[in-house]
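Let the sequences and hints guide you as you build the complete structure.
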Amino acid sequence: MVSSLLAALQKREIQSILFWCTVIWLGVAGGNIYLLPLVNPDQLQNSSLTGIYFFGGAAVAAVYYKSHELFPHHGKLIDQVLPAAIFTFLLFAVIYFLNLYFPASAEVQKRISDSGFFFPLFRSDTFLAKFGDITFQQIVCYGVLKKLKECGLTNKETLSIFMLGFFLIHLPLVFSLKWYAFFFIVPSIVAGGIFGYLILNMRYGFFKSYAVHFLFYLVVGLYLRM
Numbered sequence: 148m149v150s151s152l153l154a155a156l157q158k159r160e161i162q163s164i165l166f167w168c169t170v171i172w173l174g175v176a177g178g179n180i181y182l183l184p185l186v187n188p189d190q191l192q193n194s195s196l197t198g199i200y201f202f203g204g205a206a207v208a209a210v211y212y213k214s215h216e217l218f219p220h221h222g223k224l225i226d227q228v229l230p231a232a233i234f235t236f237l238l239f240a241v242i243y244f245l246n247l248y249f250p251a252s253a254e255v256q257k258r259i260s261d262s263g264f265f266f267p268l269f270r271s272d273t274f275l276a277k278f279g280d281i282t283f284q285q286i287v288c289y290g291v292l293k294k295l296k297e298c299g300l301t302n303k304e305t306l307s308i309f310m311l312g313f314f315l316i317h318l319p320l321v322f323s324l325k326w327y328a329f330f331f332i333v334p335s336i337v338a339g340g341i342f343g344y345l346i347l348n349m350r351y352g353f354f355k356s357y358a359v360h361f362l363f364y365l366v367v368g369l370y371l372r373m
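By the working numbering, the letter at position 135 of the sequence shown is numbered 282, and the numbering carries on one by one without gaps.
FYI, nobody ran anything at the bench for these hints, they're computed from the structure.
Please note that a few of the clues may not be correct.
Said to hold, decoys possible - Mimicking EDC-like on lysine to aspartate or glutamate, the simulated pairs with C-alpha atoms at most 16 Å apart in a straight line are:
1) K296 with E160
2) K296 with E216
3) K158 with E297
4) K213 with E297
5) K158 with E304
6) K293 with E304
7) K293 with E216
8) K325 with D261
9) K257 with D189
Note that the coordinates shown come from a computational prediction; the quantities given were computed from them, not determined experimentally.
This is the structure we're talking about:
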């Protein structure tokens, strides 16, 4: 298994896939960290703009990866998008009422604001930012998995390469989130496997991967509000 993975990683077409994934992912993420503060140094106040920015990145990724061309077992695009849209609406309703009836204390709000990870504030603008971020990530994940499969790799080989890449691409978070980054770097080791497995094997794989991704942030958000 290891030898086959090493052989696969030496193929130019696979190196190209991983290279352009890194360029798109870090390019969009880097723009969020270094370009949006030029508009307003207060990143929290930029939350709505951050969401719009990530949706723009998601659109570019969707075009590049031809995301409308789904895996055969995923059926039609609406089969993935409609349940994802319903789930997103329900999740927003949950955090809206959580914030309404169980608001975070001023001390917790300050700690969250100082961390640079604003989603746990459970505001509409921070929700929009995370909604855009996850949509972008999931489209890139889907595209990379699809391109790796097109190279003739088995599901196991595809999943192994994807898991490694998903973990490595999260490491730069330490530059923006400091120690909070480990809330995402450590789970990314497992998360890449979960997302990849769902997308490669499940009928509603993209939707399920997207939902698990968002639910993870909900759990982390609830924990950081304690």
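Against the structure, the hints come out as follows:
1. Restraint check: the Cα-Cα separation between K296 and E160 comes to about 12 Å, which is no more than 16 Å; the hinted pair holds.
2. About 13 Å separates the Cα atoms of K296 and E216, which keeps this hinted pair within 16 Å; it holds.
3. Of the supplied pair hints, the one linking K158 and E297 holds, its CA atoms being roughly 13 Å apart against a limit of 16 Å.
4. About 13 Å separates the Cα atoms of K213 and E297, which keeps this hinted pair within 16 Å; it holds.
5. Between the alpha carbons of K158 and E304 the distance comes to roughly 13 Å, so the proposed pair stays at or under 16 Å and holds.
6. Pair hint K293 plus E304 holds up; C-alpha atoms about 13 Å apart against a cutoff of 16 Å.
7. With a C-alpha separation of about 9 Å, the suggested pairing of K293 with E216 holds against the 16 Å cut-off.
8. Annotation: proposed proximity of K325 to D261 holds, straight-line Cα distance about 11 Å (limit 16 Å).
9. The suggested pairing of K257 with D189 holds, with an alpha-carbon distance near 14 Å, which does not exceed 16 Å.
Of the numbered hints given earlier, the model fails none.
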